Amino acid sequence: MPRNGLFIEYEYCTGCHACEVACKQEHNFSDGMCGIRVDELVTAGPDKVHVDFIPITTRFCDLCAERTAKGEQPACVKHCQAICMAYGPVTELVKAMEDKPRSLIFAPK
Amino acid sequence: MAKGNEKIVNSTMWSAGCGSHGGCGCEIYVQDGKVVRVEGDKNHPFNMGRLCPKGLAIPQYMYHPDRVTHPLKRVGERGEGKWQRITWDEALDTIEKKFKDIREKHGAESVIFCQGTGRDIGGPITFLMYAYGSPNWVQVGLAGHACYTPRLGAMFATQGHYSVLDASQFLEKRYDSPEWTPPKYIILWAQNPAAGCFDGFYGHWIVDCMKRGSKLIVIDPCHNWFTSRAEVHLQNRPGTDGAIALGMLNVIINEGIYDKEFVDKWCYGFDELKERVQEYPPEKVEKITWVPKELLIQAARLYAGNKPSAIQWGEPVDAMPAGTVVAQAINQLWAITGNIDNPGGNVIARNSHGVTTYPFSSAELTKLYGEDLVKKLNEKRIGANDYPMIKNFRGWVQPDVLIEQMETGKPYEVKAAWIQTSNIIGGQAADPRRHYNAMKKLDFVVVVDLFQNPTSMALADIFLPATTFCEKESFRSWWQPLGVTVKAVDGVDESRSDWEINLEMAKRLATNPIKYNTVRELIDDRLKDGNTNFEKLKAKGCWEYPPEGHFTRPYYRYEKGLLRGDGQPGFDTPTGKVELYSTRYEEWGLDPLPYYEEPKESPAATPELYKKYPLILTTGRRSPVFFHSEHRMIPWLRELDPDPKFEINDKTAEELGVSNGEWAYIENQRGKVKMKAKITPTAHPKVITAPHGWWLPETEGKEPNLFSTWEYNINNLTSMGNQGKSGFGGTDYRSSLCRITKIKD
Ligand code: SF4
Ligand code: SF4
Ligand code: SF4
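Chains as they are written, first to last, in the working numbering: chain X, 1 to 109; chain L, 1 to 745.
It is worth saying that the hints were derived from the structure and are not from the lab. No experiment lies behind these values; they were computed from the predicted model shown. Warning: the hint list may mix true and false statements.
Below are the EDC-like pairs computed for lysine to aspartate or glutamate, each with C-alpha atoms no more than 16 Å apart in a straight line [unchecked claim]: (1) L:Lys3 to X:Glu72; (2) X:Lys48 to L:Asp650; (3) L:Lys211 to L:Glu231; (4) L:Lys100 to L:Glu504; (5) L:Lys73 to L:Glu494; (6) L:Lys42 to X:Glu72.
Start from the sequences and build out the full structure, keeping to the hints where you can.
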């Protein structure tokens, strides 16, 4: 079985938090539990301040096993407002990374 | 994805619940009569499967333990927080009797009908109000009516219709539509679109356009995600947007880089505008705005030199006394560059299929209710006689004049209020204490809402429980597409939809019989203009675009004679052209040409005050997880933005000895509130930004605490009564002065 993961092109992640609430709703998580968290990354360059957002999966992410078993997209991927997330075999995601410089891959257990 | 035996209901979101200016298509998953999940509808062209956090938190909102789901009556003093559950019959009987008494003794105009922001509520509320006979439809507290209406008024005067950035939203195939092309440059003017669906525009469409090649010019006092990705960032002093627009017009006109053909053929008053903008050379604009003139010139050249380009603008444009003037100048930018109703420009936006969900404009009001009634209503409508633009553009009351009238009782007394899904004191009111004092004097107040909030707690005599969109039928034609909201489950406990409540109330109060037996009959009657009905739309997946060639479908309608009542080519203005010199403004006693007006309080306008309060305060910073003053009680959302935070530049904070995460006071001559410091280099060293609408539902609701609204609501630092000359546009939500002080103890 190929190993699956999440690909996030964080260049386009606006920090809108939809992925987090989608995950909570899907799993009915309470009390701060969530499969993903989005952090703000502010870096001041010589002439410009940059704001980026970095989504990180947590140990509660199960890659939406129930949904993906039925061929559905994970809840976060479906609802990502910037359409900057994808789900698939890690080997495929690595290929996608070739042309998308500011991106991340997570392959939680 | 349906799990187990879940049933899926497709619907349109435009109601209490997610907040929604939007119109996202959704799938509501229902099990055993309960909503278990709300997901985006992939087939809906508006959001294409996506939803924002507020939409995704609906189940927690609907089944929240604090949601009010039975009618209540106040049993203690106002504000004591003593409520008793009553039946719908008792609630409606009480209101009917009171409202009839008041109408008999004081006239229908002495009851005001108050709503919050523009979602489907305007339909039910105006329907009830006109049935009762009152002309006083109002967003109480919204000083200068400073939310979209000033921009709409300026566009109405200038070009006869409204325009929005073209992100292909008017075409069902969206980004694949062959006739669409992305804007080459997008000017993001005073807005963070990622935080929501402002003015019916799904914010992430901007990101979609960026992926398709659109470049950005951003006008914002702070750095943010969009400025990081912009080719040009004009980091202006808050409140100086008018000078930026005039400076850009100056560059574009004097360098001759405007669209000469369009201006010759379709614009009126170019020479007068040309003369006026000579007063705003880039050097002068730099002094006013803090924006280096090189950047201003660069932005103007990029925008004018790359067609099509488009402007997306935010509420700060309205939130200055000269709001209708600033908006006029920005409108002129897309007019003289010919970026109007063209693919990838500022496309003309009309209610889908010509269907009126509620009477936004005086023209629609007349269409729905007839000229005689409108004339009669105008005689008593508060503010209509003070301001020709208020009288002639829309059916609204002027909100500042209302409060003054409530204080003086002149020319007549206001006796009662029907407040529907609007948290006046804890939300939009500028100077909320003054609003609180004025409204406390009312004889009778009905609140229709889903949760208790500072306003209902302080004022309500009767509380009627409303529903979310999942529990109601409604319809939407705000731009496009035409859609229906489909009821997925019955109202939780005894709650009822706004439409049901208001139709029932209207039947009891109407002076002429109401022709509708059911809400469905009413909706179908309104949908007739679109040659369709509720069931037909529902069967289509709950949305539909108008057919090819329809006057509510782009592009270039001014060439085709699709904009004017007489069917002639041109624009729906007195001269038939885009009026750079506005004859409507002139008729309304306003300057027909744009000019710059300094904010009322600023380093330039009030240097003495500035010594005492050396930082500029701009409020209303949007959170992506809240809609205005809503959602603070929803755990999934609150967890992501737990405290009210002001943003302060790292160097400024260091000078003041304020550390990150520290609670501090933001203070000016009008008051002080507490917020947590977020220290960030994204903030301008001279500017403090603060979010609005904060109250803490977890704290004591009864007086004097009122859910801590006096402690955390930034509007306690704002003022009312300084609306612009047109009556629209106003106050200091977006630019006043303040200082930050440490909390000692
Ligand atoms: S894949 Fe599923 S479980 Fe993992 S973060 Fe996304 S929504 Fe949560
Ligand atoms: S939903 Fe998408 S854009 Fe929004 S925070 Fe998550 S990854 Fe970023
Ligand atoms: S984007 Fe707007 S309409 Fe869509 S879910 Fe969010 S608030 Fe509701």
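Outcome of the hint check:
Our distance criterion of 16 Å between C-alpha atoms is met by L:Lys3 and X:Glu72, whose separation comes to about 12 Å. At roughly 15 Å between alpha-carbon atoms, X:Lys48 and L:Asp650 fall within 16 Å of each other, so this suggested pair holds. Between L:Lys211 and L:Glu231 the alpha-carbon distance is near 15 Å, which keeps this suggested pair within the 16 Å criterion. At most 16 Å may separate the alpha-carbon atoms for a hinted pair to count; L:Lys100 and L:Glu504 meet this at roughly 15 Å.
Between the alpha carbons of L:Lys73 and L:Glu494 the distance comes to roughly 15 Å, so the proposed pair stays at or under 16 Å and holds. Using a Cα cut-off of 16 Å, the hinted pair L:Lys42 and X:Glu72 holds, with the two alpha carbons roughly 12 Å apart.
Of the numbered hints given earlier, the model fails none.
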